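> In case you want the letters, here they are:
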Amino acid sequence: MKKLITIACLLIAISSMAQQIERGTVLIKNGTVLTITQGVKENTDVLIKDGKISQIGKNLAAPAGAKVIDATGYHVMPGIIDAHSHLALDAVNEATTPVSAMVWEGDDLDPLDIAMYRAIAGGVTISHAMHGSANAIGGQCQTIKHRYGTVDPKVLMMEGAPRTIKFALGENPTRVHGNNGAGIVPNTRMGVEFVIRQAFSEGKEYMESWNKYNASKNQKGFRGAPPKYDLRMETIAAILRGEIIIHCHSYRADEIYMLLKVCKDFGIKRLVFQHVNEGFKVAPELAAQGAMASVFADWWAYKFEVYYSTAYNAAILTRNGVVTSINSDDAELTRHLYHEAAKTQKYGGLTDDEALSLITINPAKQLGIDNRVGSLEVGKDGDVVIFKGHPLSVYTVPAYTIIDGVIKFDREKDADDMRLYVDPKQTIDITDAVFEETLSHNHDECMKNAEFLLNVKFADQNR
Amino acid sequence: MKKLFSSVLLKKLLTVAVFCWPAVLFAQDELAPVSRTYAITNVNIIQAPGRKIDMGTVVMKDGLIVSVGKNVSIPADAIVIKADSMYVYAGFIDGLSRVGLTKPKDEERGPRPKDPGNPKPEEAGITPQNDVRVSLNPAEKSIEELRALGFTAAHVVPYGGMMPGNGSIILLSGKSADQMVLVNKSSFYSELSPARGVYPATVMGVMAKYRELYRQASLSRAYENAYASNRAGIQRPATDRVLESLYPVVDKRQPVLFKAERVVDAQRVLTLQNDLGFSLMLAELKEGWDIVNKIKAANAKVFLSLDLPEDKDKKDDKKKDESKKEEGKKDEAKKEEPKKEEAPKTATAEEKAALEKRKAEFMARYVGQAATFQKAGVKFGFSTLSAKSGNIQANLRRMIEAGLPEDAALASLTTAPAEMLGLSDRLGSVDNGKIANLVISDKPYFNEKAKVRYVFVEGTMYKFDVKDSKDSKDGKKNDSGSKDAGVKAEGEWSISTETPNGVEQSKLVIKKEGNTITGTMSGGSINPAVGIDNAKLDGNALTFTFTFNYGGSNITVEVAVKIEGDSFKGTSSVAEYGSFPTEGKRLPK
Amino acid sequence: MKKIIYLILFVCAGVAAKAQSPKGKYGTFALTNATIETVTKGTINNGTVIISNGKITYVGAATTAPAGAEVIDCKGKWIYPGFIDSGTNLGLSEVGSDQRTIDMNEIGEVIPQMQALTAVNPNSVLIPVTRVNGVTTVLTAPVGSMFPGTAALINLHGYTPDQMYANFKGVVVNFPSTGRRGGFDRRSDEDIKSASEKAMKKLNEVFDRAIQFHKLDSATKGKGVEYYPEMEAMLPVVRGERTILLEVNAAKDILEALTWVKERKLKNVVLTGCREGWRVAGDIAKAGLPVIAGPVLALPSREYDRYDKAYANPGLMKKAGVKVALRTSETENVRNLLFNAGFAAAYGLGREEALKAVTIVPAEIFGVSDKLGSIEVGKTANIVVSDGDPFETKTNIIHVFIDGWQIPMVSRHTQLYDEFLKREPGVNKSQK
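If you read the sequences in order, they're chains A, B and C.
Be aware that the first sequence starts at 4, since it is given in our numbering, and climbs by one per residue.
Be aware that the second sequence starts at 625, since it is given in our numbering, and climbs by one per residue.
Be aware that the third sequence starts at 18, since it is given in our numbering, and climbs by one per residue.
Please keep in mind that the hints were generated in silico from the structure rather than gathered at the bench.
Being a predicted model, the structure only gives us computed values, none of them experimental.
Backbone N, C-alpha and C fix where the C-beta goes; we use that ideal spot for every residue, glycine too.
Among the hints, erroneous ones may be present.
[As the list claims (entries may be wrong)] Stretches of chain A that chain C covers, calculated by requiring three or more beta carbons in the stretch to come under 8 Å of a beta carbon on chain C:
#: 1; stretch: 288-302
#: 2; stretch: 313-320
#: 3; stretch: 345-351
#: 4; stretch: 398-404
[Stated by the list, open to error] DMTMM-like cross-link-like pairs, simulated, lysine to aspartate or glutamate; straight-line CA separation at most 25 Å:
#: 5; chain 1: A; residue 1: LYS220; chain 2: B; residue 2: ASP864
#: 6; chain 1: A; residue 1: LYS391; chain 2: C; residue 2: GLU409
#: 7; chain 1: C; residue 1: LYS326; chain 2: A; residue 2: ASP113
#: 8; chain 1: C; residue 1: LYS326; chain 2: B; residue 2: GLU974
#: 9; chain 1: A; residue 1: LYS157; chain 2: B; residue 2: ASP864
#: 10; chain 1: A; residue 1: LYS264; chain 2: A; residue 2: GLU208
Whole structure, please, built from the sequences with the hints as guidance.
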């Protein structure tokens, strides 16, 4: 009887879970379809059925109950993917230790963040919710689908997306932990390398000791103690086993090269560099090792390690065969990644497909979800953004954003106030002076929650 | 470092100082009742939600309910309370609070920790071994406040970080911490509170640390068991105060009581529970309306917060309405009101109206949370952790207005928490054999005009003198008007404060010039005399502070008393040590 | 064979280096066969612009160039007046996180005498990066306190600040905010109120004192006043000879600023920022004050605001009748001015008005419309030649002229591109 109840409870739990991921059916008629991987198809329909793209072709019939969008004169492309984001997160940095592999941003999701809706209004359907760059080995990140409207953080997590983790090199980890910070290693780029090598080596030992224990514990007469369970080392071991993709905050060519070598030494293959402003200087090395790069379109000079940068970075990397994406790291920038991608046409003359790949299929590859999203192909997720105007034109305006076949943004029907929860205590005086200070980009969004550990105040925090 | 040192030193000195206050005057203990047997007669007995006896009698003896009914014989040794037409309920149970606990002062931030990634458990807010009895103080004013509302038992938890320690169920009466405790270590209390400046400094850090400790405890528990069964030839397991405290949780003998106010917090807690499998009590929930089914599916016990967002606008509106009405009466010709309404709606006005509407919707959700749970068939109790005691009755009424049936509200204060806390055999209803925890109000409890007249905690009577409503109304008026003028603070007073080590007796001299109040304190430990600071008289409430030197340390005492004619009553508080009852009498000239 | 290829490559490299001479070129240029958007006098197809001695000497349909002129065939190209960013910190900051390279925030609450122009680094690496994208002129401004200093309009070419100076200075005034600065601002309502009252008092005190100083100075013909640099800097302000750049953003603050300007009868005020200008656009229009708005690529100011309010703000203000110029508030990425204009255009301002907002409108606001802001004979030769609509993201700027100097189209970004597109050596050092 008791068992039965347990099973019933389980069923309720599962069904309530399944119910919460909403999947819809929608027919997009007669648009210019930018598939990314299979060319441009004029006057073509895209049918999303129960959350998946079921057909791309001409004169498709709408199934019963389907929503129909007339996309005549509009451009239809896959949902934009931001490989570097901190939206929908409560905390960004567990900055107390140079190796914080035990923490996970999945624990920290805030489904109520209005920034998610604003990103959707800019066509972004998936973002990589990352830990910050305070630590050489940071926390684990979480790929999220912008299923805005749910209050359940689990519903945001993209089911089946591989685990990822943040690493960070250069100025940020050294200033948080070094002599200007906690006064421990790393204080230099030498120290950063050491911290990573040390963690990998200890992780290897940890993994081996558990393997040994697990192999012998069921043998007759075995009476040993288990090794001490260590969540940090559990994560490192998973990296070494290839279960977690490293996404490494980096700027300078030398530090990028350093991590390439470290990963080679430990047999780690899944490696994506983030920001990687000087990636263009070691593009051949990146390409040779199959490491990928996720860059800003044109951010530079906000700190010394990005002073020798170029807006041609994405183009140089692409031309050298590095799988490259353009990311935002910023709640504002993420809203016009299509524009950021277009900058690579100005700076380096990338083709339309190459430019659009930077915000669709390439970031999907970097997050290990390219079998699911990143292009318009039958069988992929129904994540679509519809633009009025070509998405690479400065005059374009995102008109609809669809996630899992559900229309999440419709510019015509967009309400002003899209908050999910409202503070009933808030005094509303719309001509009062209480407003968010988001005047300019904070180039160091990556350092959120790390400031308290810093003695020095940085000018860019005041800008 | 220096600062840290001196604060520790101060604390020590303070402790010494307070315990050394000489008992100049012999405090007369409250007179003991002549009998511990009580009979409440002619009272409407609400034994439990839905079970009512009109005009019956409840008899208590030695802290237990011995008979309940219409035709109950009253023992000869009983003190009879004629509760004519009053209403008696089982004493209320608070699912989570810190009533009776002295709040530790925020420690000064010391120097930056050397290795913030590896703090001692205590620095990281991990003190699961803590016992609430250590910091429970029967003299805390909060006990009195909560009891006056009809609460007789509370699930109290220590202050701290992510794992502050063991919760205990206490009765809101008793002379010592041990006497108050009904069930010790009734729960493993947890919060998602990060540590300051050391790991875990974020919510995700807390979650990771929680998982790690839990899994470590499971492993070490298993190993200890193996070791206990056969010690020969294997390594001795090391003791670990943190992991050991987790064993009852791992063994599912002790539930985890988790504070979670916001909807995201509650779901993070449910995630932990899902990952680790402990039995869960979710408490102080404020935003649970969207996750009722999730909570239900997790089989978690839930205590909803009795704190509600204050409806400032409504209050203001009422005031405005009233003043408008009066204005209207006075000056009908003005007719400002209709003009305003007819004025063309600007975009700003429309926007504002839309925002106000959303705000009102959400206010309704907060206030209607309990009704939502009730409709979904989820049993719940209430908790008062962040509620102001002055708002609790009104908040209950707001919940009832929002659709919570009165019976359900009563159940959530009595039977439901008793059941959830495993105390149904002792608490929660007015039945023979149960602990004599009762609340008696002059009108049905949820009536706006109801006043609590008696509270019994384990048979100990607390009587509340309530002037009838007419009087109190007058009193209110007087408070802001003529009565104020009648309060005379200036003069010489004898002031006595009950400390744990006896009564401190001093002399207070108050002078008033215009609105400025000055004065001195002298006598007892206060030698030489010192001036008083921050003195304020608001109605009949007098507050001031004074600082005196004891053994080279300055000790600051905050005094808050209410003056009634030639006497006053209130408290004196010493930071870190708590507050003590204070009384004063005007000295004859 | 290999050697020959090397030789050819070497020669090519030499030629390339020569073509990319970092020096500017002065003289007479005839830009022919172009589509000319003059901004003030319509569009000329297949037209010619002649630049001589730093000035525009001809705009029209002529097909012949004067003798000695360098003819640049602009067939299929578009010509615009140099673009103006009406609010930056360019030249005052080199590396954002390094205070040692930042010269825009002096110490002091009332320091209008601090001159941005003094601290402009003509050799900043950021300047070429900016101008090769078509921005020829920027207002560079000090930041920080209530009166952080005097901003200056500069052309992005020259080796001394004076060579760059474009004949406009304005005193920056940060109007006291009555509000919270955001979620992190934990002050109590009372504290905020008293802080803003205190700031208002200070603001008025400065102006009152400046008027006293002016009266004294006028009465004594400048001889009766002591050395008082703050007041000396305020003199042209209270005399109406120098513009006040009044930074104000929240709706309520804007309204208060309008009242303040009216009460003080100030005639020389330009509002800057105005993030919530759209909320009170009618009031701004009624007051007749011009606005320098931006950045356009920004988030809405409140959680409950529609997502596109920052994009739409310039358009909404313009629609209400406000004169709007645009700014980026940037340093290293002032080059994104035209994209800010493009977004404003797409979200309601329209292309024509957006174009004006980065050309003639700022020229008028800064009182330099006789020299800048359009392609007209006699104006300063700040000219941009593009291969398409300059707001379009992929459009390239082909030529830039500033003060008649032909600017080398080289910057750190292009140089690094040239060096690293095909890095040599590649992965293997011994191979090409």
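> If a hint holds in the structure, say so; if it does not, say that too.
Results for each hint:
no. : hint                   : in the structure
1   : 288-302                : holds (count 4)
2   : 313-320                : holds (count 5)
3   : 345-351                : holds (count 6)
4   : 398-404                : holds (count 3)
5   : A:LYS220 with B:ASP864 : 23 Å, holds
6   : A:LYS391 with C:GLU409 : 15 Å, holds
7   : C:LYS326 with A:ASP113 : 24 Å, holds
8   : C:LYS326 with B:GLU974 : 17 Å, holds
9   : A:LYS157 with B:ASP864 : 34 Å, violated
10  : A:LYS264 with A:GLU208 : 20 Å, holds
Hint compliance for this structure: hint 9 is the single one not met.
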